[in-house]
Amino acid sequence: MEKVKITIDGVQIEVPKNYTVLEAAKLLNKVIPTFCYHEKLPIFGGCRMCLVYDKKWNDTIIACGTYVYDGMEIETMNDRVFDDRKFILEMLFTRHPLDCPTCDKAGECDLQNWGTYYGPQINVLPLTPYDKIREEEDWQSKYFEFVSNRCVLCLKCVSVCEHVVGANTLFQEERGFEILISPDKKPMDSESSCEMCGLCVDVCPVGAILFKPFEHWTRAWLLKEKVTYCGMCSMQCPVAIDYDDKKQKIYRIRSTADLMVCSGAYLGYDIFEKNRLKEGLHNNTQIPKISAIQKLSKVINENPLKTALILSPYCTNESIENALALAEKTGMKVSSTITLDLIPAITGFEEETGSEYVLPSENDIKRSKKIIVIGDDIANTQPVLSYIFKDNYELGQIVPPKDKEIYFVGKEIDTLEKYSPTHISAETEDDLLEKVENLENLIPEIDEDTVIVYSTSTLKGENAYKIGKLLGKIKNSTKAETLIIPVERNAYGLMNRMEKFYYLPDIFEKIEKGEIENLILIGEDISLHFTEDKLNEIFLKLKNSAVITPFNDGLALSTNIAIGSSLWAEEDGTVEGFRGLKQIRKALKNVEEEKDILKKIIDSVKLIPEALKNEEDIALNFYNYPHFEKQEIKLWDFGYFSTRSDNLMNWKMQKTIKSEEF
Amino acid sequence: MVKVRYVERPTLSTVEKIFFIDFVYGLKTTIRNFFRKTITTIYPKEKLVPPKRFRGTHAHRAKDGNEPPSFVVLAKFMEIHDYESRCVACYMCQQACPMPTLFKIEAEQLPNGKKRVTTFDMNLLNCLYCGLCVDACPVDCIIMTDEFENAGERRNQCVIHKDDMTERGISFDRRRGNEPDRIWIDDKAREKLWGQIEWT
Ligand code: SF4
Ligand code: SF4
Ligand code: SF4
Ligand code: SF4
Ligand code: SF4
Ligand code: FES
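Protein sequences, first through last, are from chains A and B.
Numbered per the numbering used here, the first sequence spans residues 1 to 662.
Numbered per the numbering used here, the second sequence spans residues 1001 to 1200.
Please note that a few of the clues may not be correct.
Said to hold, decoys possible - List time: in silico DSSO-like cross-link candidates among lysine-lysine, alpha-carbon distance up to 27 angstroms:
(1) A/Lys-246 <-> B/Lys-1162
(2) A/Lys-224 <-> B/Lys-1114
(3) A/Lys-185 <-> B/Lys-1114
(4) A/Lys-40 <-> A/Lys-5
(5) B/Lys-1076 <-> A/Lys-246
(6) A/Lys-278 <-> A/Lys-224
(7) B/Lys-1003 <-> A/Lys-212
(8) A/Lys-589 <-> B/Lys-1104
(9) B/Lys-1114 <-> A/Lys-652
(10) A/Lys-186 <-> B/Lys-1162
(11) A/Lys-369 <-> A/Lys-246
(12) B/Lys-1104 <-> A/Lys-274
(13) A/Lys-599 <-> A/Lys-278
(14) A/Lys-652 <-> A/Lys-541
(15) A/Lys-295 <-> A/Lys-543
(16) A/Lys-185 <-> B/Lys-1076
(17) A/Lys-634 <-> A/Lys-366
(18) A/Lys-390 <-> A/Lys-655
(19) A/Lys-224 <-> B/Lys-1104
(20) B/Lys-1104 <-> A/Lys-226
(21) A/Lys-212 <-> B/Lys-1076
(22) B/Lys-1114 <-> A/Lys-274
(23) A/Lys-142 <-> B/Lys-1076
(24) B/Lys-1114 <-> A/Lys-142
(25) A/Lys-249 <-> B/Lys-1114
(26) A/Lys-246 <-> A/Lys-655
(27) B/Lys-1192 <-> A/Lys-247
(28) B/Lys-1076 <-> A/Lys-132
(29) B/Lys-1114 <-> A/Lys-655
(30) A/Lys-247 <-> B/Lys-1037
Stated by the list, open to error - If you want a taste of the chain B side facing chain A, the calculated C-beta under 10 angstroms gives, among others:
(31) Lys-1076
(32) Tyr-1083
(33) Ala-1089
(34) Pro-1180
If you are wondering where the hints come from, they were derived from the structure by calculation, not from laboratory data.
Beta carbons are placed, not taken as given, at the ideal position from N, Cα and C, and that holds for glycine.
Bound-form chain B, shown alone:
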């Protein structure tokens, strides 16, 4: 049985009934914003640069000398040349992913006994953009970039691969590597718009 709860309507005074006071009151916000500067952008003519921490299309950082110390211990088992993806195929990103089947990672053992990553594909159609893979990576390889235009006409355009991921990673680091790690670059402007957070 569904129980229905009835809410009593507020009783309005005669003046309120005649002059639509509440209605006018509600229009106040509309009218005020009508004369303010627009804050939306006219995509695709106008494009915002998202913050550095934006969770956009995934990329691989390359072996470029900025690896965390953990990579040094692993590197001796790996065959990775400079400016190639520093992925060690540990499958941690896949392990952390809520939708693990979107990854296809494969590695092989070379005749010299070292490990080489042969495949790293991600089917972004299934991705939740939760960023758990980024947190899981022990060598700071997989990252999410500020690129967000990853729609395509065909499904295969939504699958990213090791090589293009590495390229994206290199370009991301070049463009934004030195930028301070903040939510928005122009925090002040947004503060004006939305006000400040007040902690108790």
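Next up, chain A with everything else stripped away, as it sits in the complex:
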């Protein structure tokens, strides 16, 4: 890119020609107030708050929307700029109610901050607080509220919903000072296309859009913030957890400036409180955690070779390593639910391509021209992944290429409908496999600028293996990027660490034959993959069963021993997902971490000598098991966690009641 020389406050700097004054000034760490500008949104230039002074033009210009030119001379602050900005604020304050004492945004509100900085303002119109009250717009939502008086008309909410989420829910009613922001259909929760990502709340520079579950409970400055990666799915979105350190309570989880968050984190922040198993359970009676651990160790010590350990792909790498060390020490048999979907698909893919599978990066997807979604609706399983399918903006500029072609091969489109993809219908699993086999005939010009996205929640067992092979074949002939993405946050971490493992149905067979008597579960993943009847049958056959789970209302009730463990915002560690190996940090500290529980179990079990372990060759054969159950993943389904979230479940209920009416 051609570079130009400009001067900002007397400092010369060379920047690419397509930079705006604001971006150039940011390189020099100049603070320019903005309302309507966001790096990830197209430039709007409506609020005029970012005025700076152009010496050559002898006038103030908007920094966010003016491109640099050679020899430009800018002053980011002088008397004229100060007065102009102050005047803009005075105008905004003529209609602003100044109800900061009850406004949730207070303390993190741009208008409040800049108003103080450029204050005090003189009311340019003779208005009193009474006159300022204007028409309200009721969104009829349980989750979002619009306070028209506080809106500064920056339209970032409309923009984020259109350009980042793609849901196109919000739009403006009326014009000019009368603008009201409104969802496309009301009631918002059940009728509109809203995905409950909460991004409109996060980008709003003022308190005009509020998140109702958060409203009034606390004040922004009383909370501590922990920036980490969301643990509800494999997208590892950067999120900020706002929590009260003293009460050890999470008040909200919101996006960072990356604008990546979905309902899973935004609404699902409430999973940390309800139905938590903090201690241990033994045949449904509460016991201290330490005695539950002792009981479990006793079970393992009695017959380690007849014991199986099922790992959860939601565990952190540290947890997985401890669990594998436990299996190594005792000779337990290891398996996981990813042997049903992710491992077969990757095995098939690698067999075909002959090389190790590498995940395409976010940039590969952003810069691709064509996206083919195969199987489950990816906008349901990994909502944030679908945000980058559309046009993306960086530093206010669109990332080329514009207008991606999107195809969907699968049963029914749900949320992905927002991009109106070309739908290639595949009703059954066999149908899907057939369509994928003929993909190159069905979709023209699949090349290296194409990304094929497959969610491993689609198929299990043999079919998963088959589709992996087919995707590998397509990769070989077209060089298209292939994204095989599991829903579980650390499925890749588990796959990379687990070396000697059994296909999960094999474990079930062994239980039925009596070769395995004890089953130890980490997490409740199996309940999502098998029919309930089958699981009950298995539990009846077992002598002892144990589960390490954060909740007391699920498998903890069907097993003999249950040990309470941690959730994603309660553990430190690393996870591997879409964004690679990431360090996660905990916000809450009052729960014992899973890895520590596992460590305690390791310490209290006997070491089984190598010679006693009956080494058998594990032949991995991914067959179809008649008791598989396919989970229909919708926008409110996130592993076994989301059923514990009142917010997500209420939203689900509103949506499903609506669809049943038709």
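Chain A is fixed; fit chain B with the ligands onto it per the hints.
Positioned in the frame of chain A, the structure of chain B with the ligands alone reads:
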């Protein structure tokens, strides 16, 4: 190293030395006040009413129709009945306080979406009586009253709560609401005692 500065003693004349002139001179004030009327009070038998602006025990003004206009804008978000504390739990008083931990303020969202203040405690053992909280309150809710007898036998007697604060606020306003806002009520009497301030 500490440096010590020596001050030379004043040299006294022989007369001054013999007749203790300076001593007698110093006793003059003592002797004069000895015959004046006492101005201290015999607390607790005798109690003064402090000026209206006295910074004594805190209170909450109630929602009684005399709220500032700012309250009207906030009231629609609040569930406050008449003659209840008009606090909106904005935490501004806590923010302004040099010792913020003496406040315990909590609010909740009612099913109808409105905000209700559930807790407002102040641990006055930690309070500096600086009055910054009063200045910070946007709805003229928290005030300091003329009550000053807030010692107790147990520490919990020194913590005040929303309800008793509201009661105190109502009683304060009833007793002294109409009084002109001056430092002392009987300024003239004090002027006699202490004289007038002279500005240059
Ligand atoms: S939007 Fe900002 S300035 Fe307006 S009431 Fe809320 S905190 Fe105050
Ligand atoms: S609601 Fe917020 S984000 Fe939307 S236009 Fe108003 S101020 Fe901007
Ligand atoms: S929550 Fe997300 S999808 Fe819903 S209106 Fe706001 S930005 Fe749009
Ligand atoms: S897409 Fe996944 S990782 Fe991202 S916010 Fe949603 S649930 Fe969390
Ligand atoms: S400043 Fe006033 S309204 Fe705000 S919390 Fe304190 S007493 Fe209540
Ligand atoms: S930020 Fe530049 S015009 Fe709004």
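- Message: Output the indices of the hints that this structure fails to meet, ascending.
- Response: 5, 7, 10, 11, 14, 26, 27, 30, 32, 34
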